[in-house]
Amino acid sequence: GAVVSQHPSRVICKSGTSVKIECRSLDFQATTMFWYRQFPKKSLMLMATSNEGSKATYEQGVEKDKFLINHASLTLSTLTVTSAHPEDSSFYICSAPSGGGTGELFFGEGSRLTVL
Amino acid sequence: GENVEQHPSTLSVQEGDSAVIKCTYSDSASNYFPWYKQELGKRPQLIIDIRSNVGEKKDQRIAVTLNKTAKHFSLHITETQPEDSAVYFCAACPGTASKLTFGTGTRLQVTL
Numbered sequence: 222g223a224v225v226s227q228h229p230s231r232v233i234c235k236s237g238t239s240v241k242i243e244c245r246s247l248d249f250q251a252t253t254m255f256w257y258r259q260f261p262k263k264s265l266m267l268m269a270t271s272n273e274g275s276k277a278t279y280e281q282g283v284e285k286d287k288f289l290i291n292h293a294s295l296t297l298s299t300l301t302v303t304s305a306h307p308e309d310s311s312f313y314i315c316s317a318p319s320g321g322g323t324g325e326l327f328f329g330e331g332s333r334l335t336v337l
Numbered sequence: 008g009e010n011v012e013q014h015p016s017t018l019s020v021q022e023g024d025s026a027v028i029k030c031t032y033s034d035s036a037s038n039y040f041p042w043y044k045q046e047l048g049k050r051p052q053l054i055i056d057i058r059s060n061v062g063e064k065k066d067q068r069i070a071v072t073l074n075k076t077a078k079h080f081s082l083h084i085t086e087t088q089p090e091d092s093a094v095y096f097c098a099a100c101p102g103t104a105s106k107l108t109f110g111t112g113t114r115l116q117v118t119l
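Those protein sequence lines, which keep their order, are chains A and B.
The opening residue of the first sequence carries number 222 in the working numbering; numbering runs sequentially from there.
The opening residue of the second sequence carries number 8 in the working numbering; numbering runs sequentially from there.
Since the hints were made in silico from the structure, they are not lab data.
Everything numeric in this text was worked out from a predicted model, so none of it was measured.
Keep in mind that a hint or two might mislead.
Stated by the list, open to error - Straight-line alpha carbon distances no greater than 27 Å define the calculated BS3-like cross-link-like pairs of lysine-lysine that follow:
1) A:Lys262 <-> B:Lys44
2) B:Lys29 <-> A:Lys262
3) A:Lys285 <-> A:Lys241
4) B:Lys29 <-> A:Lys241
5) A:Lys235 <-> B:Lys29
6) A:Lys287 <-> A:Lys276
7) B:Lys49 <-> A:Lys287
8) A:Lys241 <-> A:Lys287
To be verified - From the derived model, a few chain B residues whose C-beta atoms are all more than 12 Å from chain A:
9) Pro15
10) Ser19
11) Asp24
12) Ser37
13) Asn38
14) Gln45
15) Gly62
16) Glu86
17) Gln88
18) Glu90
19) Ser92
20) Thr108
21) Arg114
To be verified - Among chain B residues calculated to face chain A with C-beta under 7 Å, some are:
22) Tyr39
23) Pro51
24) Arg68
25) Cys100
26) Ser105
27) Phe109
28) Thr111
29) Gly112
In this text, a Cβ means the ideal position worked out from N, Cα and C, and glycines have one as well.
The following block holds chain A by itself, in its conformation from the complex (with noise of 0.2 Å):
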């Protein structure tokens, strides 16, 4: 199947400098990914879509000025958590579409961000 791959898979940053996290899709193109967020036990929460060439679309709550989403070209979206602080400390999983309208959805490996 299609590969998603996430970069870096851990951090660990001081609070209030700022991370990026990469998502790659890298064998198809990928117009629209998407952003989770996940805390210890609980479940995925959708943070925002992130659609290539235009403005990312952020769910009710967060903050898009924190995040900050970039999708640049068909198979790179980046997310950037800026100012962290340990509140932030999360698991950030990045996912792409198959494509052909399936809904199914391919994910990255993960990024597990510590904020000291």
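Knowing the structure of chain A, use the given hints to seat chain B on it.
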């Protein structure tokens, strides 16, 4: 928007027994219902899915049933094995947008 509820939150079964996880959804426009298995610190893995034009689907020890009228769907795992232990998530998706709404998850533990 869509709301997906999932029960139970934890489930412990003995090896060889069956496990059933149930989900309900709210948006009648949803027509795609995948189930994911997630091991600790890993990405969700699709294990089976069903579309609204089908009432039941089976893949070896795993089966999913869908009742569109009642807006609920269930995952059935037979002959459970220790390696089935993980967190399972149901999800629902309206149309072709692939915008999944996940259930709250069920932690399945298969004991020897």
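ask   = Once the shortest beta carbon distance from arginine 68 (chain B) to chain A is found, is it less than 7 Å?
value = violated (21 Å)
query = Does the nearest C-beta of chain A fall within a distance shorter than 7 Å of the C-beta of glycine 112 (chain B)?
reply = Since chain A brings a Cβ to about 5 Å from glycine 112 (chain B), closer than 7 Å, the hint holds.
message = Using the nearest Cβ pair, does serine 105 (chain B) come within less than 7 Å of chain A?
response = holds (4 Å)
key: Separation of glycine 62 (chain B) from chain A, once the least beta-carbon distance is taken, above 12 Å   = holds (18 Å)
message = Tell me if the interface restraint on threonine 111 (chain B) is satisfied: Cβ within less than 7 Å of some Cβ in chain A.
response = At about 5 Å, which falls below the 7 Å cut-off, the nearest Cβ of chain A leaves the hint on threonine 111 (chain B) intact, so it holds.
query = Does threonine 108 (chain B) sit more than 12 Å from chain A, CB to CB?
reply = Nearest chain A Cβ is 7 Å from threonine 108 (chain B), so the label is violated.
query = For glutamate 90 (chain B), is the shortest beta carbon distance to chain A beyond 12 Å?
reply = holds (20 Å)
key: Pairwise hint evaluation, lysine 276 (chain A) against lysine 287 (chain A), where the allowed Cα distance is 27 Å at most   = holds (15 Å)
ask   = Any CB of chain A closer than 7 Å to the CB of proline 51 (chain B)?
value = Because about 6 Å separates proline 51 (chain B) from the closest Cβ in chain A, which is inside the 7 Å limit, the hint holds.
Beyond 12 Å from each Cβ of chain A, as asserted for serine 37 (chain B) = violated (10 Å)
request  = Determine whether the non-interface label on asparagine 38 (chain B) survives the test: each CB of chain A must be over 12 Å from its CB.
outcome  = violated (8 Å)
ask   = Does the nearest C-beta of chain A fall within a distance shorter than 7 Å of the C-beta of tyrosine 39 (chain B)?
value = holds (4 Å)
Hint check: violations occur at hints 4, 5, 12, 13, 14, 20, 21, 24; the rest are consistent with the structure.
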